[in-house]
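Novice: Using the hints provided, position chain P relative to the given structure of chain X.
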Amino acid sequence: MFKIIVLGIAIISGASVLASNRLAEQPDLNSVPSRVILGVPASISAKNPPQLNINVQGSNGLINHVPNVVTNIFQVQEGSLFFDHVQADMTTSYVPSPVINTSVDMQVSGVVERTRVTQTFVNPSSEWVDATYVFPVPVGAAVDELLMTIGSRHIEGQIQIKEQAIKTFNQAKQAGKKASLVLQKRPNLFTNQIANIGPNERIEISITYQNTAQYADGEYSVRFPMTLSQRYAVTADRVSDTEGETAGVEANDTSDMKQHKVDFVLRLDTQSNATQIHSTTHAIESQAIEPGVYEVMLSRDMIANQDLVIKWRSAQDNEPMVAHYQQQVGDAVYGLVHIVPVETLPEFQPKHTIFVLDSSGSMHGTALTQAVQAIRVGLTQLNEADSFNIVDFDSDARALWKEAKLADWEHLQEAQTFLANVDSDGGTNISDALQLSLTTLKGPDDQLTQVIFITDGSIDNEAALIEQIAGSIGQRRLFTVGIGAAPNAFFMEYAAMIGKGTFTYIDNVDNVQSTMTRLFAKLNHPALTNLQLTLGNESRLEALKSIEVYPKVLPDIYHGEPIVLSYRYTGYLDTMSSDIEELLLTGQMRVAGQATSIQLPLTVNLIGSDPNSFNLFGSDPNYQAKGLNKLWARAKIKQITTWPFINTEYLSEDLASIMQNQITETALAAKIVSKYTALVAVDVTPTKPIDRQSNAVDVANAKAAHLSRQHHAKLQQGQLPQTATSMGLLWILGWIGVAGLIAHFVTNGISLIGRK
Amino acid sequence: MTTLKRHWLTAGLLMIIVFCWGQAGYIVAKAQLAQYLISDAWQQSVLSQTPVKPWGWADTYPVAKLTINQSEPLYVLAGASNRNLAFGPVLLNANLDELSQVDNTQAFNVSIAAHRDTHFALLELVEYGDSLRLDTGKESLSFVVDDLLIVDEKYLSILDVDDKQVITLITCYPFDALSSTTPLRYVVRGRLVEKSVS
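Those protein sequences? They're chains X and P, same order as listed.
Take the position in the first sequence, starting the count at 1, then add 13; the result is the number in my numbering.
Take the position in the second sequence, starting the count at 1, then add 787; the result is the number in my numbering.
Just so you know, the hints here were simulated from the structure itself, not pulled from any lab data.
Glycine included, each C-beta is placed from N, C-alpha and C at the ideal position.
Check the hints yourself; a few may be wrong.
Only part of the chain P face toward chain X is listed, based on derived beta-carbon distances under 7 Å [claimed, not checked]:
{"hint": "1", "residue": "796"}
{"hint": "2", "residue": "810"}
{"hint": "3", "residue": "823"}
{"hint": "4", "residue": "826"}
{"hint": "5", "residue": "902"}
{"hint": "6", "residue": "903"}
{"hint": "7", "residue": "958"}
Pulled out of the complex, with its shape left as it was, chain P reads as follows:
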């Protein structure tokens, strides 16, 4: 093999590595850095009780803080769009304000979706009985995991409100699949155990 050919091959392979890992890293970096900015916005929005955009051109704002077990809190964004999913978990229900208005017996279902590779990668490790906490700025809700399911993407009933007070966390399944399109979703269901004004 000539020196020239070798150079091209080496350079080509290096470029592939840089590109692929760069892209992958970019996704992760975006997901992580955004959460720092969003956490600041969340603090402000709790203080001011108004939605605060995490950065000037953002078309979303944090609506809740989600803590899974003892892990770093995640900030949940309004607006279920692909773009928002890159920055953090998104709320699928129209709004959380109704939550604070419901009385203690009324059923609700807070549904949150996030990427399996970034924010919700840790759902893979969640087990029955684990604790989930949702802080809406007005009150703090504690849930205990009582169901783990795999569903088809068309199974929208899991967003339904039935007769319980529940939280539904949704991410793509299987966790280690290479393809970014999958028809399956992994669902973590939690039931409300405690509600307190924060």
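Bound conformation, chain X alone:
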């Protein structure tokens, strides 16, 4: 209504103002400015601008000859994959959006995964642009290669300390060279910035990462993440991101990423002819290209709106298994050991289960349905002697009962009613829910408390929550269950690690039943705790003195779960050696309330070629896996990031800088991107004319520079604001409408509406 009134007034006032403007006399030639300055080259100093004496009256032709500027920092719309740079003084600059095509080439040998993501950036505009692309990688992956292809030239990225890399990138950017910079924003989130993409130019950027396949319940799986969970900002609480940057900008971009097509090829080497491959998220086609080697492709063009999960199972996977990979890098040997312990006989014991349900706004729709369904399945898995409780949280947390109840028929009915009334809205206040489930709610003293936390993890104060879990977990166990198209796997995996539990991901509504049943099968089995790894005779072999194995503290192992170890020692692989150095794994299991020691027989030859590696690579005894040093570095960095929770060695004020040094050193040695290191690729020849501007300029900086004369170079960025409206055009169109109306009436007679 208000707008109509304003419009009404506006029509009248607008018309009168415009009429007066239009009718104002054209200024005579003498009052028109005498100088016209066009397309000023950067080299000309501001004090002596070039003066061209051009008859302004005849300048219409000239104006048309100036290339039409498609985009202007004050005018362009937000690019689909690009962020607006909002400055403190309220100015905003935007960048236009190039078209992106993505192809994924994944290679898996046994459990070692190497994935190359190639993206083509095309700049459709007639301007030079800088682009920023946000890409997620699986949790735990090590990004280690950057390749920039311009036409037929290939430029390989160099690993550098982050500050140095940013400096290198900025220098290249200012010099008009093409450059690319890969930074880690979070452990599972990277950005790629590309500077100086010319008009209609095509740049291809390849990024490669190293990862391990996941193993659970006899099945291996790899995952290619394509969406980012929109993270909910907890404003009242401490908002401290793990990487010191807020994730706000990322959230807007996920919807646009859906439009991009992704080509995907997986080459899967399992050394087993009986491998069954399937995907729970996408339609796939697989075929054996060699014995034991498969090629997996999508049967339809993939739209990047859901993480791709591919799972496979080989016939021999049901037996206890040790897979061992080794690689010589320089004067060091790196290895990866993947162990699935011998199945242990379960014995039932009553337990205390707390289900925690995230019913915040981000869970709305299928995610909440899945989460509720997961709890319903969980309830059916309880034994009558078990006790349980349910916590539901959004902006605040509520418990079903003040204390745990027995899982009898009556209480289960009550729980079902409670679940039926859950509705999703509000924020994600995980902190309150953790407080309630880890501390406040009490259960029977003699029962192990297992907290099943079901969420999409859309939060951005990860570090504070991890700290809270570490501080309050006590003897309880935290199991996180990820729900939705792209749960925040990093947070949930980390939370489960700190909470001595596991992370389970439900990728599809049809899998709720089977996934939850498997999770409870785990929970109903006693876990192997206090796992200890003993090496063979360390003193006997000089090389083994320097061995570093990660993780240092082994997590509890549940039924059907693997143990993954990464190691490094200084020395050389001796494929002829017959000395077998044993790894000895011991653990404890609670049987009938009693802690029982268990020894797991396990032989891994750390020095020479390992008979166990024949399990997967029987055809080639000299097979050496690639990229194990990257995986080892990643495991070591993960270990370092837990120091704040387990630190006893260093003064807490020194800890941050020690951690930074250690992470930097490890990452540089393995050439991987980390919190403190980045990949940067710079083209040697500047291709952008120095007097042309890329559009992603930092307007605020350029403007601030005007106040001080020292920064003349910076003045060449940006444009003067666009200070015209479309009013003139609208005005003329209006008059054309009037003219049309008059013409219409003249030709048809000024007949009143409705008369024949």
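Specialist: Quick look at chain P alone, frame taken from chain X:
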């Protein structure tokens, strides 16, 4: 032509007129009404010596009062954004406070931009020797126009501080072009002639 067709044509043309003039009028109305609200905010901000938002949800505030010859004063807003340009002239320099701190010989360049169709439409009529007055709330600066230029939009040097004390008013050029994107800018340069505490 059937009656029905005629009706549709008449109605269609009327709608085009209402839409086009409505949009045009809306731009003007926004520009004019905003200046009334901003003028109130300016009075308050002069009294309180703190920035005052002209309306609750505004993300800008008036920083100066600009008078070109004897015309109605214009209120200059902080923050050079497209949105602010719809409400009034905007200041391109980071802040005006530095102005009151500079001594009488130090050079400065106050740059202000506004739309050619609304607030700065009158720049078309400005001539050499005309007077410009800028009231920053702390002091009043008088300028005399000594340069009129047309520059390319990339010619950022005109925002430079060289060795003079100047004001730079910028709007789009040509004034009567239909297109809202133009690579040319009309610039009015004024040199400081008098400075007094207001």
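Novice: May I ask you to test the interface hint for residue 810 of chain P with respect to chain X, counting a Cβ-Cβ separation under 7 Å as satisfied?
Specialist: Status holds, d = 5 Å.
Novice: For the hint on residue 903 of chain P, just tell me whether its beta-carbon gets within less than 7 Å of chain X.
Specialist: holds, 5 Å
Novice: Would the hint on residue 826 of chain P be counted as holding, given a Cβ-Cβ threshold of 7 Å to chain X?
Specialist: violated, 17 Å
Novice: Residue 958 of chain P was flagged as interface toward chain X. Is the shortest Cβ-Cβ separation under 7 Å?
Specialist: Given a least distance of 5 Å, the restraint on residue 958 of chain P holds.
Novice: Under the criterion of a CB-CB separation shorter than 7 Å, is residue 796 of chain P in contact with chain X as hinted?
Specialist: holds, 6 Å
Novice: The hint names residue 902 of chain P as touching chain X; please verify it with the least Cβ-Cβ distance against 7 Å.
Specialist: holds, 5 Å
Novice: Would the hint on residue 823 of chain P stand, with a C-beta cut-off of 7 Å toward chain X?
Specialist: violated, 12 Å
Of the numbered hints given earlier, the model fails hints 3 and 4; all others are met.
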